[in-house]
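Participant: Listed below, chain by chain, are the residues.
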Amino acid sequence: MSDFTPTEMMTIAAARALKNTDVCFVGIGAPSSACNIARLTHAPDVTLIYESGTIGTAPSVLPLSIGDGELCDTAVTTVSVPEMFRYWLQGGRVTVGFLGAAQIDRFGNINTTVIGDYDHPKTRLPGGGGAPEIASSCGEIFITLKQSRRAMVDKIDFFTSFGHGEGGDHRARLGIATKGPTLMVTDLAVWRTDPVTHEFTVVLLHPGVTREMVQAECGWTVRFADEVGETPTPTELELTTLRDLNARTKAAHSGTNTGDAA
Amino acid sequence: MAHFMTLPEAVAQNLNSGDTAAFEGFTHLIPHAAAHEALRQRIKDLTLVRMTPDLVYDQMIGMGAVRKLIFSYAGNPGVGLLRRLRDSVENGWPHRVEIEEHSHAAMANAYEAGAAGLPFAVLRGYKGAELARVNPNIKSVTCPFTGEVLAAVPAIRPDVTFIHAQKADRKGNVLIEGIVGVQKEAVLAAKRAVVTVEEIVDDLSAHPNACVLPGWTVSAICLVPGGAHPSYAHGYYPRDNASYIAWDRIAADRDTFLAWMKDNVLDARPEDFAGRISHLRSAA
Chain A
37 MSDFTPTEMM TIAAARALKN TDVCFVGIGA PSSACNIARL THAPDVTLIY ESGTIGTAPS
97 VLPLSIGDGE LCDTAVTTVS VPEMFRYWLQ GGRVTVGFLG AAQIDRFGNI NTTVIGDYDH
157 PKTRLPGGGG APEIASSCGE IFITLKQSRR AMVDKIDFFT SFGHGEGGDH RARLGIATKG
217 PTLMVTDLAV WRTDPVTHEF TVVLLHPGVT REMVQAECGW TVRFADEVGE TPTPTELELT
277 TLRDLNARTK AAHSGTNTGD AA
Chain B
2 MAHFMTLPEA VAQNLNSGDT AAFEGFTHLI PHAAAHEALR QRIKDLTLVR MTPDLVYDQM
62 IGMGAVRKLI FSYAGNPGVG LLRRLRDSVE NGWPHRVEIE EHSHAAMANA YEAGAAGLPF
122 AVLRGYKGAE LARVNPNIKS VTCPFTGEVL AAVPAIRPDV TFIHAQKADR KGNVLIEGIV
182 GVQKEAVLAA KRAVVTVEEI VDDLSAHPNA CVLPGWTVSA ICLVPGGAHP SYAHGYYPRD
242 NASYIAWDRI AADRDTFLAW MKDNVLDARP EDFAGRISHL RSAA
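Protein sequence lines, in the order shown, are assigned to chains A and B.
Each number in my numbering corresponds to the 1-based position in the first sequence with 36 added.
Each number in my numbering corresponds to the 1-based position in the second sequence with 1 added.
So here's chain A without its partners, still in its complex pose (with noise of 0.2 Å):
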């Protein structure tokens, strides 16, 4: 397949990452087509969770939210929101959690809550919600977003979800047993963070783009890997999945007409 989108790239790309054992508490957006498409193609056992309390999800559409029915109707069971967060979430069950983010530094670091000073924003984000925990609780953390110097900063407004702080051993300084971010994949490149000072790297270039390129949309400058490989391109198999998945859930949000009153 030569013809696809550095969307569809990024959504595949990071979709490979998944494995078919993983427990996987999914993000709404970019991480939710991922872990379907993981599903849908190498993966068809992972378990995917969303914090409305389905667990084992296997929707035939991707959800406007976290909590479409349809979540619910397909998964193995549904579970109050207080025992997701503390039995199966902070009790250690969750191998990966999947997240986007707004702004984003070197460190995996996120932030989901306000553009400029806290108590007085010049962008009220919608803030953490599940996020905080995940970034701390599940065993290790996958990031993906597109890339912008938006969104891709040297020094992010807020922490709300913490990845690997400083750098180095912050993570461990604070008590925190688990990996945090391991992994990020951009519409440009797939990054892993350094084994000792855990600052993103690039290990693969997707087909067709350059180091020059992913330093334009990245706010920081850019590490790369001593050796920089090429993402493999999408299999057939992958992009029909992923256009059949988008076009299924193009037609189903659309489907029902706008009601006198939202």
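If you're looking for bench data, these hints aren't it; they were derived computationally from the structure.
A hint or two may mislead.
[As the list claims (entries may be wrong)] DEER-style ranges, computed between Cβ atoms: (1) 215/A x 4/B: 50 to 58 Å; (2) 243/A x 250/B: 21 to 29 Å; (3) 14/B x 156/A: 35 to 43 Å; (4) 110/A x 138/B: 36 to 44 Å; (5) 209/B x 272/A: 43 to 51 Å; (6) 57/A x 209/B: 28 to 36 Å; (7) 57/A x 236/B: 27 to 35 Å; (8) 273/A x 202/B: 42 to 50 Å; (9) 9/B x 123/A: 34 to 42 Å.
In this text, all values refer to a predicted model and were calculated from it rather than measured experimentally.
Cβ coordinates follow ideal geometry from the N, Cα and C atoms, glycine included.
Given chain A, work out where chain B should sit, using these hints.
Facilitator: Positioned in the frame of chain A, the structure of chain B alone reads:
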């Protein structure tokens, strides 16, 4: 003991200006009809609690009914930001709401502590998270057995909780099915609870382990078919995602917002919700 009454009666008897109130629902079963009735009765100065304030709290904030918001995620899920909340926090229109911000884990634990009659909740949370710096209600406790330092937040004890549920039987026992969220905890944590339901039946036909609130835990029950719209009621009608998408445009402009609120809330009645879901039922 649950009393059956109309929604206007239930709101008038159970919600006062200045109350701490939770209109709970986690994407599913959000009690829109009850919140709209509160706006029609011009109840003000509320401290609103909810894990996921979305459209209906955006509406209450934009109408100036809210003094303080206690929450963990304030967005239009899958669509974007809450524009009325942003206008309040960023520009002070119609006034600036006070913010007490938590994580989902902390809010869920705090409701559970409220239901359990405990003064606070304990969790392994907020590690490295900056919310602990800006919210004085996030503190820590040391485990007396292991020495581990854990996060502590005060229990949530609303004056009144409003929820929407699928059905009640004629004794007032309430059945909640599907994504049950935090509604059971929110009802048991509150001094008073009002439940709107899709239907009232002779027999709940509930599974032995179903989420049932006995009638004696509820203050009032109101029959309001469609009362969760544009949220959904599992088994009755699906989420009206198109309305959530449309809200982004309606809420973007103050005058458009006010005109919409007049037409669809202030000049409307609880009975109007049934008509708003009629086109959705076939898809449920």
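Participant: Could you work out which of the previously given hints the structure breaks and list their numbers from low to high?
Facilitator: When the structure is compared with the hints, only number 2 turns out to be violated.
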